[in-house]
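**Student:** Sequence lines, in order, name chains E and L.
Each residue of the first sequence is one higher than the last, beginning at 1 in UniProt numbering.
Each residue of the second sequence is one higher than the last, beginning at 1 in UniProt numbering.
Calculated directly from the structure, the hints in this document are not laboratory data.
Computed from a predicted model, the values in this text were never measured in an experiment.
The beta carbon of each residue, even a glycine, is placed where N, CA and C say it ideally should be.
Any given hint could be a false lead.
[What the hints assert, rightly or not] Covered stretches of chain E, as calculated for chain L (at least 3 residues, CB under 8 Å):
(1) 8-21
(2) 45-53
(3) 223-231
(4) 239-249
One-letter residues, chain by chain:
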Amino acid sequence: MTSTRPLDRFRASGLLWPLVALLVLLAANAVVRPSFLALRIQDGHLYGSLVDILKNGAPTMLIALGMCLVIATRGIDLSVGAVVAISGAVTCSYIAGAGDPTGAGAAFAGMGIALALCAVLGLWNGFLVAVVGIQPIIATLVLMTAGRGIAMLITDGQIITVRNPAYRTVGAGFLLLPVSILIAVAVFALVALVTRRTALGLLIESVGINPEASRLAGLRARTIRWTVYVFAAICAGVAGLMISSNVSAADANNAGLWIEMDAILAVVIGGTSLAGGRYSLTGTMLGALIIQTLTTTVYSMGIAPEITLVFKAVVVIAVCLLQAPKARAVLLRRTRRRHTPPDPDAEAAGRPSTHTPTSAMVEKVAQP
Amino acid sequence: MSKRFLAAVAGVVLAVGLTGCGGDSSASGGGGSDDGTITMGFAQVGAESGWRTANTKSIQDSAKEAGIELKFSDAQQKQENQIKAIRSYIQQKVDVIAFSPVVETGWDAVLLEAKRANIPVILTDRAVDSEDTSLYKTFLGSDFVEEGKKAGEWLVKESAGKSEVNVVELQGTTGAAPAIDRKEGFAEAIKAAPQIKVVASQTGDFTRSGGKQVMEAFLKSNPKIDVVYAHNDDMGLGAIEAIEAAGKKPGVDIKIITVDAVRDGMQALADGKINFIVECNPLLGPQLMDLAKKVVNGEQVPERVVTEETTFTQEQAKAELPNRKY
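Same shape as in the complex, but just chain E (with noise of 0.2 Å):
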């Protein structure tokens, strides 16, 4: 099955339908609104729905990267959006109570305190799932609940305003295209590159099909997951900047609320097993831009927020329904498919299963 023709690849790759998915999306806006495609350049940066698309989608999709390596390993974050309230909250209670609120130097403390303590937030979501052995959706469950009582400990349970450009600038600001948006894609390239140019996305991949044989393989099928979570907690942190920056304010209430399903529902939009095993990097982020686009248009197409829930749940059943080879084939009525056996993890959670070489290698490490 393996094809050389870019096309098939692409098809194989699971990145197309979602692709389709985000495009026609955009091609509605442009017929309802013509002007929805226009950009300009405003007080020196871009300006325009799109812009907005890539700022406000740029805290989803840092948190989808590091939810899709989690969901790789078999396992879920479900804390996320907590670490997002935890960490605006610290770094907004900092610069508030510094000598100087409005320096740099202010911001760029807070923010170092604010990551750091995201980080340990994901070690011990680590140690639960790794060390301790707890579910992961339990295990993250406990932070899910208690993470955003921590951040009202840390507010006080007041909505703290900040008045700080450099703070301001992680989630407001642009250099010609939003600082945020800049940030997501540095880290997507940085995690392409260290999983898919080395050997790591491969352990990752085997760690999720299944640990114990990767262990008993020579993997330090421990390491792997409990660094899974730290990065997620990390991701999440900077995703808890962007948000709180861009109002220059912390509410530990709100910000990040579900963010961890939008997170989950990227992830599985752009194609990856929720069983854990073969991921998609690229696919997570159309899979978050999609997201974004679904609640811009929202707004912009002007659908009443009676009805937004409905809307938004249509479209995500029909891009979930495109990408799953059944229900396309029983919308197109085409017979004629190249029958392959179906693998029951994949079938579990109700995802297509698909072969690639990758995940026949992997298969041969996680069977000594």
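Using the hints provided, position chain L relative to the given structure of chain E.
**Tutor:** Same frame as chain E, now just chain L:
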């Protein structure tokens, strides 16, 4: 600062003991009227805005002052959390239950349970939409329709002589009483001036991020916006950021009307970035405690108690700002 970090660390340590418990940690412990002191169970909406935190603080402080034992829960804007909290208060046999309903509908079942347990219920700040008014003793809070009207009336006066005024509306949480009523009151008041048109209306969930995101989209999809009407200060503050990012001057190029009058909002009003704020007074703690005592002692209370409120222009905000505690 270090105290807060210690608290955070303590929180992490405490979380170890919480493994597997979801949210509701107030399920145990008996309330009760055995020792003569009044126990009140209060189910708060959340802490979604500066207004709400001031409201929470007022209730907590005045309960302490009035010698009422307060059991407090935060529903994080979810109705199911509030219903859970109210059920746990019923089980704990508190003397009186007070709560601010997240949304207007869906309360009949749990309120009936409270009624059967003979626990009086006081609604604060937001009303419920139920035909059976015997489910609660009284409703203490602002008249949101009136607030919307005040905002609309100011705009009508302001727009006299103009040929066209395009308004965008930032609504509160969909289905919440203040969002529904402030929209209704505003719409009613601007009928007096046919040149005023609401060209777009979306929910910003009462948060700054929501207000900013929605306003960013509005600025792109509506070429001519003259006025922003935000259902609370926080969304208005988010809108200010979006307007500034678009290269326009909030308060001048685009006029902003909000409701609430919390300190950050009053600051923006005094700075000239907001043009008019309708007050919604969160400090209803003392009135609530009075009502609670009366209700528990079986005294008659009026079905509706309205809190006292005013409005602020930019000049009035400058005078009032030093006195704002919340």
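**Student:** Are the hints correct? Go through all of them and say.
**Tutor:** Verification of the hints:
1. 8-21: Result for this restraint: violated, n = 0.
2. 45-53: holds (count 4)
3. 223-231: violated (count 0)
4. 239-249: holds (count 5)
The structure does not agree with the numbered hints 1 and 3 stated previously, though it agrees with the rest.
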